[in-house]
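**Q** Using the sequences provided together with the hints, build the complete structure.
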Amino acid sequence: MAVLTEEQTMLRDLAREWVDNEAPVTAWRKTRNAGVPAGYDAEVWKTQAEMGWAGVLIPEEHGGVGMGYLSLGLVLEQMGRNLVASPLAATAAATSAILLGGSDAQKAEWLPRIASGEVVATVAFDEGPNFAPGRVATSVTDGKLTGTKAFVAEGDSAQLFIVSATDGVYLVSGDTGVTRSTRAMADARSHAAITFAAAPADKLAGDPDLATKVADRAAVATAAEMLGLAEAAFAITNDYLKTRVQFGQLLSSFQALQHRMAKMFTELELMRSAVEGALEAIDSGRSDVDQAASLAKAIAGDVAKLVSREMVQLHGGIGMTDEHDAGLFLKRSAMLETMWGNAAYHRERFARLNGY
Amino acid sequence: MATLADRDTRSDPLDAFRQEARDWIAANFPPALKGVDNTMSAVEGPSDPSPDEEAWRKAMGDKGWGVPTWPKQYGGGGLSRAEARVLGEELARAGATNPIGGMGVMMFGPTMLEYGTEEQKLEHIPPIARGEIRWCQGYSEPGAGSDLASLQTFAEDKGDHYLVNGQKTWTSGGQWADKCFAIVRTDKTKKHEGITFVLIDMKDPGVEVKPIRLISGQSPFCETFFTDVKVPKSDRVGAEGEGWTIGKRLLQHERSSLSGGGSASRLFGGVPLGKLAKEYRGEDAAGRVGDADLRMRIVRHEMDSRAFALTLRRAALEAKSNQGPSAATSIMKNVGARITQERAELTLEIRGMQGLGWEGEGFAEDEIAATRGWLFGKAVSIYGGSSEIQNNVIAKRILGMLDHQ
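Protein chains in written order, with our numbering: chain W, 1 to 356; chain B, 1 to 405.
The set of hints was computed from the structure by calculation and includes no laboratory data.
All figures in this text were calculated on a predicted structure; none of them were measured in a lab.
Backbone N, C-alpha and C define an ideal beta-carbon position, used for all residues, glycine too.
Watch out, some of these pointers could steer you wrong.
As the list claims (entries may be wrong) - Computed footprint of chain B on chain W; a stretch qualifies when at least three of its residues, placed anywhere within it, have a C-beta under 8 Å from a C-beta of chain B:
1) 1-14
2) 68-81
3) 239-253
4) 256-266
5) 293-303
**A** Structure (structure tokens):
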């Protein structure tokens with residue numbers, strides 16, 4: 001656990017308490033079974049916004065609490081532990097874009113509404129199944145944006161889209177010229193293909209690397225959620241091994257399993273360091289955020305994959321049932337591993353950044 | 001307007017010490033030793049020290065700064081942890097290595113300070129603090145490796161002394177050591193409770209040392225045989241039968257020195273592997289390391305190393321902030337070993353045949369050193385508690401997994 005300020009400790013403890021008491025995995029299961037189109041419970045999102053989470057990155061003058069990325073990460077980590085369905089991660093990624101590239105007017109228009117939870121925002125960059133920030137055909141003519149974005153998280157409910165185009169990054173709000181096509185996916189959360197047909201768009205300023213910077217922040221936030229997910233998957237598995245008897249022994253007493261668990265524990269510690277290191281790198285304005293982000297997302301991808309797959313394997317047959325949570329962790333993990341670049345993508349990028 | 005005096009009183013209290021350390025180092029450190037490693041901590045035999053090295057060791061020994069936090073009455077520096085950190089920074093700034101080291105400093109001294117009598121401390125600690133004596137460790141036996149408490153070397157009670165018979169193995173530096181701290185059996189009917197911690201003079205009659213040749217061609221470890229060796233009872237540390245507790249405490253000192261941040265600079269120093277790969281294997285048309293598979297394995301290793309460095313830093317910050325010892329410390333030895341070995345394997349692979357040179361013509365000195373280091377490095381995941389034992393510790397102590405019934 002990173003060394004936290006008193007304020008951050010309080011934020012984390014409150015988030016943890018709320019997530020454990022108010023949003024256990026059974027709550028997500030209920031939302032999933034109910035087939036809520038937005039993919040999350042709107043009342044729950046309202047509560048999260050009231051706790052200040054929607055505005056955790058947003059400065060006080062725009063209605064937020066301005067606590068930074070480590071604080072956002074602490075909250076997302078807690079949510080990841082219980083697979084809490086929330087548009088927080090997508091909204092935070094979109095918030096990053098406005099903070100980095102928004103004009104005073106754009107900030108004044110959007111940030112207070114995001115902080116209050118009134119506006120759910122998201123980032124729509126990819127046009128294919130894999131994260132490929134350089135492959136953009138979407139273009140803008142006379143302030144009208146045209147193109148199709150694939151697999152946009154929270155695409156069913158977002159009112160504000162941060163969209164990459166051939167000549168920069170744009171804000172698209174409202175539904176004029178916007179068509180949403182829901183994609184039902186394994187994790188049962190909201191993903192949609194969004195078609196923009198001459199949708200009114202408002203350009204964000206910022207340097208030519210704005211899209212990259214936004215993607216890096218989104219990747220790190222995703223890695224924070226993965227950290228919580230992996231920690232919980234691991235803890236549930238460890239508890240299970242202490243109750244399941246086979247061959248007259250608790251599974252927990254078999255050395256072959258102990259060493260697999262010790263290996264996972266070791267990897268989780270490295271994952272925590274990489275994720276917290278990246279969050280801190282963003283907060284302190286370091287120049288190598290790109291490397292820190294790729295390090296965090298690559299390691300998070302490998303470790304979350306290892307732990308979520310082992311969760312199913314070590315639970316045996318029960319882990320294959322829908323009734324058990326292992327499958328929920330597995331499916332959500334695979335989604336997060338893929339979003340914003342998988343481990344292979346980020347290793348390749350890390351190699352390039354280091355001149356290999 | 002603040003006067004100079006005002007500024008002084010407001011300055012960090014460590015500033016004065018920093019200045020003192022800097023001045024003293026400037027006056028005493030022979031510039032010719034800049035960047036030269038401490039020969040006392042090497043696993044190979046002691047080379048003859050140069051007059052400069054001798055002078056530097058004597059100066060540091062007299063000052064007590066080789067063991068800066070040990071109490072002054074036993075020859076230590078009597079510094080606070082913060083002052084010792086400043087001293088370390090100033091030594092590094094000057095390119096100086098602490099010339100006092102070895103097992104006496106890392107393992108035996110701290111244990112002695114905790115468990116020794118006043119007489120024992122006064123006798124044994126000052127020579128360590130001055131770098132005048134080498135200690136070796138008499139723990140492992142041919143039948144007692146990871147299961148250390150199975151040891152059989154027996155110390156028979158002869159009134160004022162013990163008569164010790166048995167065999168130890170993997171005695172690091174045994175052929176160069178003056179003294180040995182050993183755990184021996186004083187009671188054959190009990191396992192852990194029958195073990196006693198004693199100090200043995202390696203020059204005593206009945207002590208015989210045979211170096212073991214390793215796959216690396218080096219012989220830093222020995223077999224040590226004890227035949228009717230007389231050990232006075234004044235050289236027993238703690239009570240009879242208490243040796244397991246004391247011996248385990250010493251292992252904690254060993255593990256923290258094996259896995260601590262001290263080795264980080266060595267781990268992460270040197271030529272980056274990506275650069276080495278381009279040099280030996282060439283580049284592809286896009287200016288990348290020629291072999292795509294190798295390139296990705298280098299990146300995995302590099303990422304692992306960085307995550308480990310971040311973990312070392314995180315554990316240090318957490319310890320400092322009074323959150324208590326971080327759970328992360330338990331993973332350090334295994335990850336450190338893995339990274340050391342992976343780096344050596346990748347270096348070998350990058351160089352091809354040129355990375356397998358054993359000696360002589362056709363190979364650069366660093367190529368041969370890497371071959372030898374690759375082989376010796378296989379010991380890292382075995383000594384000081386093998387990776388399997390470390391995993392057992394994590395599973396049982398941290399994860400609360402159970403013993404097999």
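**Q** Hint by hint, say whether it matches the structure.
**A** Taking the hints in turn, this is what the structure says about them:
{"no.": "1", "hint": "1-14", "verdict": "holds (count 3)"}
{"no.": "2", "hint": "68-81", "verdict": "violated (count 0)"}
{"no.": "3", "hint": "239-253", "verdict": "holds (count 6)"}
{"no.": "4", "hint": "256-266", "verdict": "holds (count 8)"}
{"no.": "5", "hint": "293-303", "verdict": "holds (count 3)"}
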